[in-house]
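As given, the protein sequences belong to chains A and B, one line each in that order.
Residues in the first sequence are numbered consecutively from 1, following this note's numbering.
Residues in the second sequence are numbered consecutively from 1, following this note's numbering.
Derived by calculation from the structure, the hints in this document are not laboratory data.
Model, not experiment: these values are computed from the prediction.
Cβ coordinates follow ideal geometry from the N, Cα and C atoms, glycine included.
Hints should not be assumed to be uniformly reliable.
As the list claims (entries may be wrong) - Listed next, with one range per pair, are the computed distances between beta-carbon atoms:
1. B:18 / A:39: 28 to 34 angstroms
2. A:56 / B:40: 30 to 36 angstroms
3. A:14 / B:59: 36 to 42 angstroms
4. B:59 / A:40: 39 to 45 angstroms
5. A:5 / B:63: 28 to 34 angstroms
6. A:14 / B:85: 42 to 48 angstroms
7. B:54 / A:40: 49 to 55 angstroms
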Amino acid sequence: DAKTTQPPSMDCAEGRAANLPCNHSTISGNEYVYWYRQIHSQGPQYIIHGLKNNETNEMASLIITEDRKSSTLILPHATLRDTAVYYCIVSGGSNYKLTFGKGTLLTVNP
Amino acid sequence: GAVVSQHPSRVICKSGTSVKIECRSLDFQATTMFWYRQFPKKSLMLMATSNEGSKATYEQGVEKDKFLINHASLTLSTLTVTSAHPEDSSFYICSARPGLAGVSYEQYFGPGTRLTVT
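Only chain A is shown next, with the shape it has when bound in the complex (with noise of 0.2 angstroms):
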């Protein structure tokens, strides 16, 4: 699997919007991009993937750069339930496991 980097922490205020950015400049053109997030002690809950085009769901907005060496994770609206730590994560084609990383720890502020 491509590795990714990320941002060890960020800070976000209350009611801002959240971006969150990830390179993965060995991606492989059959890779997807998965974001997951997990709150302290509890499994890793997704939150949207794409190959290419940007998508949106009512979670979150995934930015992927053409060249699809980086992304960004948008939270629209933040709220303090937002605060975890947020995985990017490359795989696809043969080989679907996913390989966490160290990911950002999101913390949003009253």
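Chain A is already provided as a structure; the job is to place chain B on it using the hints.
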């Protein structure tokens, strides 16, 4: 939709005993299930991948005779930690993936099982 449950949520056992953890996909059929382990302040580490009706594939360094995995149906996988020792104390998390092999689909995770071996 896409709910995965685990049972039990917490278990304490004595050293040398075996513990079974169940993982169920409640509203979809999971062709593949995964088992992870997470130590405090660390990220999730994949232990094994199981496909319904076939033997599990273990990651390097994971003892298949110690961590027995059974995926007997499309909605149930079990992980048995045999002869547990204190160093096996960890947070065990399963995930389930619908869809066909070779096509990427998201995985849905269970809430995790906290195992403490005394």
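Consistency of the hints with the structure:
1. Residue 18 (chain B) and residue 39 (chain A) have their C-beta atoms about 30 angstroms apart, which keeps the hinted 28 to 34 angstroms range intact.
2. Distance hint check for residue 56 (chain A) and residue 40 (chain B): the Cβ-Cβ separation is about 35 angstroms, which falls inside the suggested range of 30 to 36 angstroms.
3. A beta carbon spacing of about 39 angstroms between residue 14 (chain A) and residue 59 (chain B) agrees with the range 36 to 42 angstroms that was offered as a hint.
4. Checked against the hint of 39 to 45 angstroms, the pair residue 59 (chain B) and residue 40 (chain A) fails, with Cβ atoms roughly 25 angstroms apart.
5. At about 32 angstroms, the CB distance of residue 5 (chain A) to residue 63 (chain B) agrees with the hint of 28 to 34 angstroms.
6. In this structure, residue 14 (chain A) and residue 85 (chain B) meet the distance hint of 42 to 48 angstroms, their C-beta atoms being roughly 44 angstroms apart.
7. For the pair residue 54 (chain B) and residue 40 (chain A), the supplied restraint of 49 to 55 angstroms is violated, since their beta-carbon distance comes to about 35 angstroms.
Hint compliance for this structure: hints 4 and 7 are not met, and every other hint is.
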